[in-house]
Amino acid sequence: MKTNSISNNLKNYALSVFVLFFSASFAMNANQVPADNSNDTSLNQIDPNLQFLLRNKTNERKLISLDFTFIYVPYSLVFNPKVEEGDSILVAELGSSLYNEQIERFEKWRFVNLGNSVYQIINIESAKAIDVENNNATPIQSTPDTADAGQRWEVVTETNGFLRFVNQQTGKALAFEDNKLVQSTINSNADQQWKIDETIREEGPGSIPEINPIELDLVIAPNPVRDFTTAVINSNQEVTVIIEGRSWGAKLLDKKEVTLAVGENRIQLDMRNRFNTTRFGFVEVIRKRNGERLSLKTIRFQQ
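Following the working numbering, the numbering of the sequence shown begins with 5 at its first residue and continues without gaps.
Each hint should be verified, as a subset may be incorrect.
Straight-line distance between alpha carbons at most 20 Å, and here's what the computed PhoX-like set of lysine-lysine pairs gives [claimed, not checked]:
| no. | residue 1 | residue 2 |
| --- | --- | --- |
| 1 | 259 | 301 |
| 2 | 61 | 176 |
| 3 | 61 | 199 |
| 4 | 61 | 184 |
| 5 | 199 | 66 |
| 6 | 184 | 66 |
| 7 | 260 | 301 |
| 8 | 292 | 260 |
| 9 | 184 | 86 |
| 10 | 61 | 86 |
| 11 | 255 | 301 |
| 12 | 259 | 292 |
| 13 | 184 | 199 |
| 14 | 66 | 86 |
Don't read these hints as lab results, they were simulated from the structure.
Keep in mind that this is a model prediction, so the values were computed, not measured.
Produce the complete structure using the sequences and hints provided.
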(Lines of atoms letter the chains of each structure in order from A and count residues from 1; the text may use other names and numbers.)
(Lines give C-alpha, C1' and ligand atoms only; values in the text may rest on other atoms or scores of the structure.)
Protein backbone atom coordinates (compact mmCIF):
# COMPACT_ATOMS: atom_id res chain seq x y z
CA MET A 1 0.00 0.00 0.00
CA LYS A 2 2.82 2.38 0.90
CA THR A 3 4.54 1.67 -2.42
CA ASN A 4 1.34 2.35 -4.39
CA SER A 5 0.78 5.58 -2.44
CA ILE A 6 4.27 6.85 -3.26
CA SER A 7 3.80 5.90 -6.93
CA ASN A 8 0.47 7.73 -7.11
CA ASN A 9 1.96 10.82 -5.46
CA LEU A 10 4.79 10.89 -8.03
CA LYS A 11 2.30 10.57 -10.89
CA ASN A 12 0.18 13.42 -9.51
CA TYR A 13 3.29 15.60 -9.07
CA ALA A 14 4.42 14.94 -12.64
CA LEU A 15 0.94 15.72 -13.96
CA SER A 16 0.85 19.00 -12.02
CA VAL A 17 4.23 20.06 -13.41
CA PHE A 18 3.06 19.26 -16.96
CA VAL A 19 -0.16 21.25 -16.54
CA LEU A 20 1.72 24.27 -15.14
CA PHE A 21 4.29 24.15 -17.95
CA PHE A 22 1.62 23.78 -20.66
CA SER A 23 -0.47 26.64 -19.21
CA ALA A 24 2.52 28.99 -19.00
CA SER A 25 3.62 28.12 -22.52
CA PHE A 26 0.13 28.65 -23.92
CA ALA A 27 -0.24 32.02 -22.17
CA MET A 28 3.12 33.19 -23.47
CA ASN A 29 2.52 32.12 -27.05
CA ALA A 30 -0.97 33.59 -27.13
CA ASN A 31 0.55 37.07 -26.99
CA GLN A 32 3.11 36.48 -29.74
CA VAL A 33 2.71 37.34 -33.43
CA PRO A 34 3.33 34.30 -35.63
CA ALA A 35 6.79 34.34 -37.15
CA ASP A 36 5.42 33.83 -40.65
CA ASN A 37 3.15 36.88 -40.56
CA SER A 38 3.96 38.27 -44.00
CA ASN A 39 1.72 41.31 -43.49
CA ASP A 40 3.77 42.64 -40.57
CA THR A 41 5.34 46.02 -41.40
CA SER A 42 7.51 48.55 -39.64
CA LEU A 43 5.11 51.26 -40.87
CA ASN A 44 2.38 50.38 -38.37
CA GLN A 45 3.34 53.34 -36.18
CA ILE A 46 4.43 55.69 -38.97
CA ASP A 47 4.43 59.43 -38.29
CA PRO A 48 2.45 61.09 -41.13
CA ASN A 49 4.69 64.17 -40.81
CA LEU A 50 7.83 62.25 -41.78
CA GLN A 51 9.01 62.36 -45.37
CA PHE A 52 10.46 59.41 -47.25
CA LEU A 53 12.35 58.49 -50.39
CA LEU A 54 11.02 55.33 -52.05
CA ARG A 55 13.98 53.42 -53.50
CA ASN A 56 13.70 50.39 -55.79
CA LYS A 57 15.59 47.20 -54.98
CA THR A 58 17.05 46.93 -58.50
CA ASN A 59 18.89 50.23 -58.11
CA GLU A 60 18.64 52.30 -54.94
CA ARG A 61 19.28 55.50 -56.92
CA LYS A 62 15.95 54.92 -58.69
CA LEU A 63 13.31 56.85 -56.74
CA ILE A 64 9.55 57.16 -57.17
CA SER A 65 9.22 60.70 -58.50
CA LEU A 66 6.72 63.02 -60.13
CA ASP A 67 7.15 63.46 -63.86
CA PHE A 68 9.21 66.55 -64.68
CA THR A 69 10.91 68.70 -67.27
CA PHE A 70 14.29 70.36 -66.77
CA ILE A 71 16.59 73.02 -68.12
CA TYR A 72 20.38 73.05 -67.98
CA VAL A 73 22.12 75.98 -66.30
CA PRO A 74 25.89 76.19 -65.73
CA TYR A 75 27.01 73.35 -63.45
CA SER A 76 23.48 72.31 -62.55
CA LEU A 77 20.02 71.21 -63.66
CA VAL A 78 16.79 72.99 -62.76
CA PHE A 79 13.78 70.65 -62.51
CA ASN A 80 10.14 71.61 -63.07
CA PRO A 81 7.83 68.90 -61.68
CA LYS A 82 4.39 68.21 -63.16
CA VAL A 83 1.88 68.54 -60.32
CA GLU A 84 -1.53 68.63 -62.00
CA GLU A 85 -4.38 66.16 -61.50
CA GLY A 86 -3.74 63.04 -63.56
CA ASP A 87 -0.06 63.74 -64.24
CA SER A 88 2.14 60.67 -64.45
CA ILE A 89 4.69 59.31 -61.97
CA LEU A 90 8.19 58.09 -62.75
CA VAL A 91 10.85 55.88 -61.25
CA ALA A 92 13.79 58.14 -62.01
CA GLU A 93 17.49 58.39 -61.32
CA LEU A 94 18.02 62.14 -61.11
CA GLY A 95 21.61 61.81 -59.89
CA SER A 96 24.43 60.58 -62.13
CA SER A 97 28.13 59.83 -62.03
CA LEU A 98 28.72 63.51 -62.82
CA TYR A 99 26.48 64.94 -60.12
CA ASN A 100 25.83 64.05 -56.52
CA GLU A 101 22.36 62.70 -55.87
CA GLN A 102 20.46 65.93 -55.26
CA ILE A 103 17.15 65.11 -53.62
CA GLU A 104 14.27 67.18 -54.98
CA ARG A 105 11.02 67.88 -53.13
CA PHE A 106 8.99 66.09 -55.82
CA GLU A 107 10.84 62.86 -54.95
CA LYS A 108 9.63 62.94 -51.33
CA TRP A 109 6.52 61.19 -49.99
CA ARG A 110 4.55 60.79 -46.79
CA PHE A 111 2.22 57.99 -45.66
CA VAL A 112 -1.30 58.50 -44.33
CA ASN A 113 -2.31 55.57 -42.11
CA LEU A 114 -5.79 54.23 -42.97
CA GLY A 115 -5.51 51.23 -40.61
CA ASN A 116 -4.67 47.54 -41.07
CA SER A 117 -1.33 48.31 -42.80
CA VAL A 118 -3.15 50.30 -45.51
CA TYR A 119 -1.88 53.77 -46.49
CA GLN A 120 -2.25 56.63 -48.89
CA ILE A 121 1.08 57.66 -50.42
CA ILE A 122 1.18 61.46 -50.79
CA ASN A 123 3.77 63.52 -52.68
CA ILE A 124 5.29 66.43 -50.74
CA GLU A 125 5.53 68.78 -53.74
CA SER A 126 2.06 68.26 -55.26
CA ALA A 127 0.16 67.11 -52.12
CA LYS A 128 -1.48 64.48 -54.36
CA ALA A 129 -1.82 60.72 -53.84
CA ILE A 130 -0.65 57.79 -55.97
CA ASP A 131 -3.87 56.50 -57.57
CA VAL A 132 -4.94 53.84 -60.09
CA GLU A 133 -8.33 54.03 -61.79
CA ASN A 134 -8.71 50.36 -62.71
CA ASN A 135 -6.93 47.04 -63.17
CA ASN A 136 -5.03 48.13 -66.29
CA ALA A 137 -4.41 51.79 -65.48
CA THR A 138 -1.02 53.43 -65.01
CA PRO A 139 -0.56 55.06 -61.60
CA ILE A 140 -1.20 58.80 -61.61
CA GLN A 141 -1.31 61.58 -59.03
CA SER A 142 -4.76 62.49 -57.76
CA THR A 143 -6.37 64.65 -55.08
CA PRO A 144 -6.36 62.62 -51.83
CA ASP A 145 -9.64 60.81 -51.12
CA THR A 146 -9.64 58.15 -48.40
CA ALA A 147 -12.80 56.61 -49.90
CA ASP A 148 -11.05 55.98 -53.22
CA ALA A 149 -9.84 52.35 -53.17
CA GLY A 150 -7.41 53.17 -55.98
CA GLN A 151 -5.45 55.32 -53.50
CA ARG A 152 -5.31 52.65 -50.80
CA TRP A 153 -2.08 50.65 -50.67
CA GLU A 154 -1.35 47.75 -48.35
CA VAL A 155 2.27 47.89 -47.22
CA VAL A 156 3.63 44.35 -46.97
CA THR A 157 7.07 43.55 -45.55
CA GLU A 158 8.94 40.85 -47.46
CA THR A 159 11.22 38.36 -45.71
CA ASN A 160 14.26 40.25 -47.07
CA GLY A 161 13.10 43.46 -45.37
CA PHE A 162 11.97 45.23 -48.55
CA LEU A 163 8.39 46.49 -48.90
CA ARG A 164 5.68 45.78 -51.44
CA PHE A 165 2.83 48.25 -52.09
CA VAL A 166 -0.35 46.37 -53.07
CA ASN A 167 -3.40 48.28 -54.31
CA GLN A 168 -6.66 47.41 -52.55
CA GLN A 169 -8.77 47.97 -55.66
CA THR A 170 -6.74 45.98 -58.19
CA GLY A 171 -4.68 43.60 -56.04
CA LYS A 172 -1.60 44.56 -58.06
CA ALA A 173 1.74 45.85 -56.77
CA LEU A 174 3.64 49.03 -57.58
CA ALA A 175 6.56 48.32 -59.92
CA PHE A 176 8.41 50.14 -62.68
CA GLU A 177 8.92 49.61 -66.39
CA ASP A 178 11.00 51.83 -68.70
CA ASN A 179 11.40 54.38 -65.88
CA LYS A 180 7.64 54.70 -65.40
CA LEU A 181 5.69 53.68 -62.31
CA VAL A 182 3.26 50.86 -63.15
CA GLN A 183 1.14 48.28 -61.36
CA SER A 184 1.71 44.60 -62.11
CA THR A 185 0.56 41.18 -60.93
CA ILE A 186 2.33 40.19 -57.73
CA ASN A 187 5.51 38.21 -58.38
CA SER A 188 9.00 37.79 -56.92
CA ASN A 189 10.67 40.35 -59.19
CA ALA A 190 12.88 43.00 -57.61
CA ASP A 191 11.10 45.81 -59.49
CA GLN A 192 8.13 45.35 -57.10
CA GLN A 193 10.30 45.67 -53.99
CA TRP A 194 11.01 48.99 -52.33
CA LYS A 195 12.96 50.49 -49.46
CA ILE A 196 11.90 53.67 -47.66
CA ASP A 197 14.45 56.15 -46.35
CA GLU A 198 13.46 58.94 -44.01
CA THR A 199 14.67 62.29 -45.30
CA ILE A 200 14.66 65.89 -44.10
CA ARG A 201 11.51 67.52 -42.78
CA GLU A 202 10.78 70.73 -44.64
CA GLU A 203 7.97 73.18 -45.15
CA GLY A 204 5.42 71.95 -47.66
CA PRO A 205 1.99 70.31 -47.91
CA GLY A 206 1.46 68.07 -44.89
CA SER A 207 4.97 68.51 -43.53
CA ILE A 208 6.67 70.14 -40.56
CA PRO A 209 9.32 72.86 -41.12
CA GLU A 210 12.71 72.63 -39.50
CA ILE A 211 12.76 74.73 -36.35
CA ASN A 212 16.16 76.23 -37.20
CA PRO A 213 16.92 75.94 -40.94
CA ILE A 214 20.56 75.99 -41.99
CA GLU A 215 21.85 79.26 -43.45
CA LEU A 216 25.25 79.33 -45.15
CA ASP A 217 27.27 82.11 -46.76
CA LEU A 218 29.94 80.69 -49.11
CA VAL A 219 32.84 82.72 -50.51
CA ILE A 220 35.67 81.24 -52.61
CA ALA A 221 39.03 83.01 -52.29
CA PRO A 222 41.09 83.40 -54.29
CA ASN A 223 38.84 83.30 -57.32
CA PRO A 224 40.09 82.98 -60.10
CA VAL A 225 41.90 79.85 -58.90
CA ARG A 226 45.34 78.60 -59.96
CA ASP A 227 46.21 75.62 -57.72
CA PHE A 228 44.61 76.00 -54.29
CA THR A 229 41.69 78.00 -53.01
CA THR A 230 39.79 78.38 -49.76
CA ALA A 231 36.08 77.89 -49.15
CA VAL A 232 35.10 80.47 -46.53
CA ILE A 233 31.80 79.35 -45.03
CA ASN A 234 29.75 81.20 -42.45
CA SER A 235 27.15 78.94 -40.82
CA ASN A 236 24.35 79.72 -38.38
CA GLN A 237 24.67 76.28 -36.74
CA GLU A 238 26.90 73.24 -36.41
CA VAL A 239 26.35 70.85 -39.31
CA THR A 240 28.34 68.11 -41.08
CA VAL A 241 28.80 68.79 -44.79
CA ILE A 242 30.59 67.46 -47.86
CA ILE A 243 32.54 70.13 -49.75
CA GLU A 244 33.42 69.32 -53.35
CA GLY A 245 35.51 71.22 -55.88
CA ARG A 246 34.81 70.29 -59.49
CA SER A 247 35.91 71.43 -62.93
CA TRP A 248 33.68 72.04 -65.95
CA GLY A 249 32.12 68.68 -66.85
CA ALA A 250 31.87 67.92 -63.11
CA LYS A 251 35.30 66.23 -62.81
CA LEU A 252 35.96 65.86 -59.07
CA LEU A 253 39.11 67.72 -58.01
CA ASP A 254 38.86 67.69 -54.21
CA LYS A 255 36.34 66.44 -51.66
CA LYS A 256 36.28 66.97 -47.90
CA GLU A 257 33.92 66.06 -45.09
CA VAL A 258 33.78 68.81 -42.46
CA THR A 259 31.68 69.56 -39.40
CA LEU A 260 31.09 73.29 -39.65
CA ALA A 261 31.17 75.33 -36.47
CA VAL A 262 28.89 78.29 -35.87
CA GLY A 263 30.49 81.33 -37.51
CA GLU A 264 33.36 81.39 -39.98
CA ASN A 265 35.00 78.20 -41.28
CA ARG A 266 37.95 78.02 -43.71
CA ILE A 267 38.53 74.87 -45.77
CA GLN A 268 41.39 74.67 -48.25
CA LEU A 269 40.73 72.89 -51.55
CA ASP A 270 43.29 71.44 -53.97
CA MET A 271 42.14 72.23 -57.51
CA ARG A 272 45.27 71.15 -59.44
CA ASN A 273 44.04 67.84 -60.89
CA ARG A 274 42.26 69.35 -63.89
CA PHE A 275 42.77 69.53 -67.63
CA ASN A 276 44.95 72.44 -68.73
CA THR A 277 42.23 73.78 -71.02
CA THR A 278 39.58 73.89 -68.29
CA ARG A 279 38.34 77.44 -67.74
CA PHE A 280 35.51 77.08 -65.24
CA GLY A 281 34.42 74.97 -62.28
CA PHE A 282 32.41 75.15 -59.08
CA VAL A 283 32.48 74.48 -55.35
CA GLU A 284 29.43 72.80 -53.82
CA VAL A 285 28.45 72.37 -50.16
CA ILE A 286 26.18 69.37 -49.48
CA ARG A 287 24.56 68.35 -46.22
CA LYS A 288 25.88 64.88 -45.36
CA ARG A 289 22.69 63.67 -43.64
CA ASN A 290 20.41 63.83 -46.65
CA GLY A 291 22.29 65.07 -49.73
CA GLU A 292 20.67 68.52 -49.61
CA ARG A 293 22.63 71.14 -51.53
CA LEU A 294 23.31 74.05 -49.18
CA SER A 295 25.37 76.27 -51.47
CA LEU A 296 27.13 76.36 -54.84
CA LYS A 297 29.60 78.91 -56.22
CA THR A 298 31.11 79.17 -59.70
CA ILE A 299 34.89 79.54 -60.01
CA ARG A 300 37.24 80.49 -62.85
CA PHE A 301 40.64 78.89 -63.37
CA GLN A 302 43.78 80.85 -64.19
CA GLN A 303 45.66 79.45 -67.18
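The hints, checked one at a time:
1. 259 / 301: Cα-Cα ~15 Å, so holds.
2. 61 / 176: holds, 18 Å
3. 61 / 199: holds, 7 Å
4. 61 / 184: It holds: about 15 Å lies between the C-alpha atoms, which stays within 20 Å.
5. 199 / 66: holds, 11 Å
6. 184 / 66: Since the Cα atoms of residue 184 and residue 66 sit roughly 11 Å apart, the hinted pair holds (cutoff 20 Å).
7. 260 / 301: holds, 16 Å
8. 292 / 260: holds, 11 Å
9. 184 / 86: This hinted pair holds, its Cα atoms lying about 14 Å apart.
10. 61 / 86: Cα-Cα ~25 Å, so violated.
11. 255 / 301: holds, 15 Å
12. 259 / 292: holds, 12 Å
13. 184 / 199: holds, 17 Å
14. 66 / 86: Given pair residue 66, residue 86 holds - Cα atoms ~18 Å apart, limit 20 Å.
In this structure, the one hint that does not hold is number 10.
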